[in-house]
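> As you go down the protein sequences, you meet chains A and B in turn. Going by my numbering, the first residue of the first sequence is number -9, and it counts up by one from there. Going by my numbering, the first residue of the second sequence is number -9, and it counts up by one from there.
Heads up, some of the hints might be wrong.
In silico contact screen, one side only, chain A against chain B (beta carbon under 10 Å); selected entries [said to hold, decoys possible]:
1) F27
2) G86
3) I104
4) E106
5) R235
6) T319
7) G321
Hints are computed from structural coordinates only; laboratory data are not their basis. Note that beta-carbon positions come from the ideal geometry of N, C-alpha and C, so glycine has one too.
2 protein chains.
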Amino acid sequence: MTTKLTPQSEDFSKWYNEIVYRADLAAQSPVRGCIIFKPYGYEIWENIRAFLDRRFKETGHQNAYFPLFIPESYLKREAEHVEGFSPELAVVTVAGGQVLEEPLVVRPTSETVIGEAFSQWIQSYRDLPLLINQWANVVRWELRTRPFLRTAEFLWQEGHTAHATHDDAEAETLQMLDIYAELAIDGAALPVIKGQKSNIERFAGALRTYTIEAMMRDTKALQSGTSHNLGQNFAKAFDIKYLSRNNELEYCWTTSWGLSTRMIGAIIMAHGDDMGLRLPPRLAPIQVVAIPVYRDEGEHSQVMPVIDRLTRELRAAGVRVHVDNREETPGFKFNDWEMRGVPVRLEVGPKDVANGKAVLARRDMGKEGKQFVAQEGVVAAVRDLLDAVHANLLAQATAFRDANIHTVTSYDQMKQVIETGGWARGYWAGSDEDERRVKEETGATLRCLPLESAQERGTCFYTGQQGGRIALFGKAY
Amino acid sequence: MTTKLTPQSEDFSKWYNEIVYRADLAAQSPVRGCIIFKPYGYEIWENIRAFLDRRFKETGHQNAYFPLFIPESYLKREAEHVEGFSPELAVVTVAGGQVLEEPLVVRPTSETVIGEAFSQWIQSYRDLPLLINQWANVVRWELRTRPFLRTAEFLWQEGHTAHATHDDAEAETLQMLDIYAELAIDGAALPVIKGQKSNIERFAGALRTYTIEAMMRDTKALQSGTSHNLGQNFAKAFDIKYLSRNNELEYCWTTSWGLSTRMIGAIIMAHGDDMGLRLPPRLAPIQVVAIPVYRDEGEHSQVMPVIDRLTRELRAAGVRVHVDNREETPGFKFNDWEMRGVPVRLEVGPKDVANGKAVLARRDMGKEGKQFVAQEGVVAAVRDLLDAVHANLLAQATAFRDANIHTVTSYDQMKQVIETGGWARGYWAGSDEDERRVKEETGATLRCLPLESAQERGTCFYTGQQGGRIALFGKAY
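Please put together the full structure from these sequences, using the hints given.
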């Protein structure tokens, strides 16, 4: 009874909205701009969280939890910061039946309240580095919202650290960027590009912002995680000082870094196709769906013991398996799980029972991806297949991205690239003003100055100046 | 330089406040009634969360995430519910620079918004039971707050389920109560009593509320988790209906159940002593603290390789170990970790290195708890010791509780028990009015009607009526 998805080529944005609800990732909520994260969508987040949390702890960070509410005056202490966030704030003015003397802002990010806490917790160089992470909800009241990509409330982690020197803070900032890239590449099969943000794109209050940028299937860019060297800006605004080894009071150098449920949107849009989702195996809530194939009760009772045994073995090996026992036809189920993007399908029919075989099919390939395997080899075969699906999704996304990044040496070329779709890559030495004009004229933003090309210099495609750095421009979510 | 804690016997409440901050479990925040969960406190919550999340999933529940904000009108749909929560609400009236047409309440609990979602998600009996859990922050603007026990914002999980029949809902309600009791007893070493709440103590909008009640070291009661059979109250308020097998539209039966960061307060107050915290091993952030004992660099370099090796072995066995490498004396460290309640201390000095030994000391015992073990037996010995500490904390808390529950057959006896400290246990057949009067006159509330005595009947100690049920009365947090 299900109608087909709108093809991506026809209307990518419509495809996205359809798949989010059809695949049961999210539901609409009664609150403007907020979604309900349904179990199938939320579990992707749980897997992202587990991946990152392990890496954060391995690199010496500890989790803590700070208040949801921030006194309004705190936001105002760092000048750029308040300017950046003011238009998006949700404000509690009444609590416990009383009008509050000072309104409380629902946190859009926690640099301010954590900065204040750090100023009290840090006394001397022995307290440094202070490496804290928080898993939390945040609220930014944006005008245009889209499920996962931009919602009024979203879930994220925000790391906040304090260091004795600029270089320590810079090393931390880059280390966390690397961990985000690891999650993207090794977890989500997203070939992100690490880079630095320009002045006008950096975080409100930061010295430098680094980003991982991913390309979606419509060639638009999605900023998927950011890491900020905050310099001494917040340390000065919140008086975060330490007594150095030389017994002098110095301001700390702080960082912050965040990755949000937006990453779920990136996964949907970078891998999905006209049949539906294609979930990267390491983050997929269901890695293998097991489907019994039978025509009658007799066949059902032959097939189920094998399904149960294989499922048990797979679970024991740490594979996330779901058995689809619904009273629907196998064909219906195949389509349904294809749409929901489960990487591997396991089928067992009466013939397979007789032959000691099972069928494995992979979501990322058509009919040629189907294979018969001996039942005793299912666990090993599934493991290999999950790795193969991951590798293939990553390879496909990389090939797509590389085919859609075009080198430009003039503004005309750049405009043409942006118009036809894709990212422009070229030397850039323009001013903030130039960058704003390019954005106005083309709709494209400077996504990042890629780190891998940080040493290259050449003639700016826009101003003709020497000493330009390689920059990527593209339209973005 | 540290001063002693206020003894519990002198001022329990002062002892509690001191230990919360001294042990670094929490810090004060700039927002009235909100605390900062510092890593050492937050990690207890992470361990509680991991324990419960595993059990929720084993029993078929899935996690989801619903919006923080609830339209004000939703709260009003269930009459008792709105009355129960109205005085405590925090309200967002301005967002994105605009006054909102309908104010948004920061969730105090999510029955309403989840009820509305369930009404859309549930069509037929095939969609039942629907078993959802959410890990979230909630806000209740209470007048008197205390770290962990009662904070304006706190962290919790809230389960929400829908069922086809009253009995299914009741079975779910009791199953989740059992899981809470498991966490309390097997995880936190808290000998909780499972029971039913009276009419006037039950959740606003519930048919029946069940609770686990724990006794603190000052003999006060702490409600540590509750599970509610909501009957059809919320189903009717939010129109949660399903098409039955007989093709008739029926209202669902729903439940909700929650356990919060309050549990951390219970752990502190049920086990702590005048030296500080005593953390139950299975939830302790640090299960073993390893302390090198040395007088000079030479000894240090002898001792550290052994500490490192034993630590590695313990970690490989899944034990949470922290090595205290600070430049303080062993004596200072012993006291510090005693105060912070680490269950087991591992010491290695130069003599131990020579003898192939190590020292293990347990927090729950004095000098007689200290033993020498062979280094090759450390992992097994630590495991046994962690279990022994758990068992001893549970036994001590059980003995304390039992010694402070007194059977009463008259109101005078009851009043005396409450006055001298402890819980009164007796038959109760009073009305809601009677119960309110008892509360007013004694300061004690009906904590619960214990499930284990649900069949017993006798003469009410207050009214003299027959058919009273066993009830527990006590002062409570």
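> Minimum Cβ distance from A:F27 to chain B below 10 Å?
Since chain B brings a Cβ to about 4 Å from A:F27, closer than 10 Å, the hint holds.
> Using Cβ atoms only, decide whether A:G86 comes closer than 10 Å to chain B, and label the hint accordingly.
holds, 4 Å
> How about A:E106: closest beta carbon in chain B under 10 Å, or not?
Hint holds; A:E106 Cβ to chain B Cβ min 6 Å, cut 10 Å.
> Given A:R235 as an interface hint, is the shortest Cβ-Cβ distance to chain B below 10 Å?
The hint is violated - A:R235 has no Cβ within 10 Å of chain B, the shortest such distance being about 13 Å.
> When the nearest CB of chain B is found for A:T319, is that gap smaller than 10 Å?
violated, 16 Å
> A closest beta-carbon separation below 10 Å is what the hint needs, so does A:I104 meet it against chain B?
Hint holds; A:I104 Cβ to chain B Cβ min 9 Å, cut 10 Å.
> Quick one, is the A:G321 hint okay against chain B at 10 Å, beta carbons?
violated, 20 Å
When the structure is compared with the earlier hints, violations turn up for hints 5, 6, 7 and for no others.
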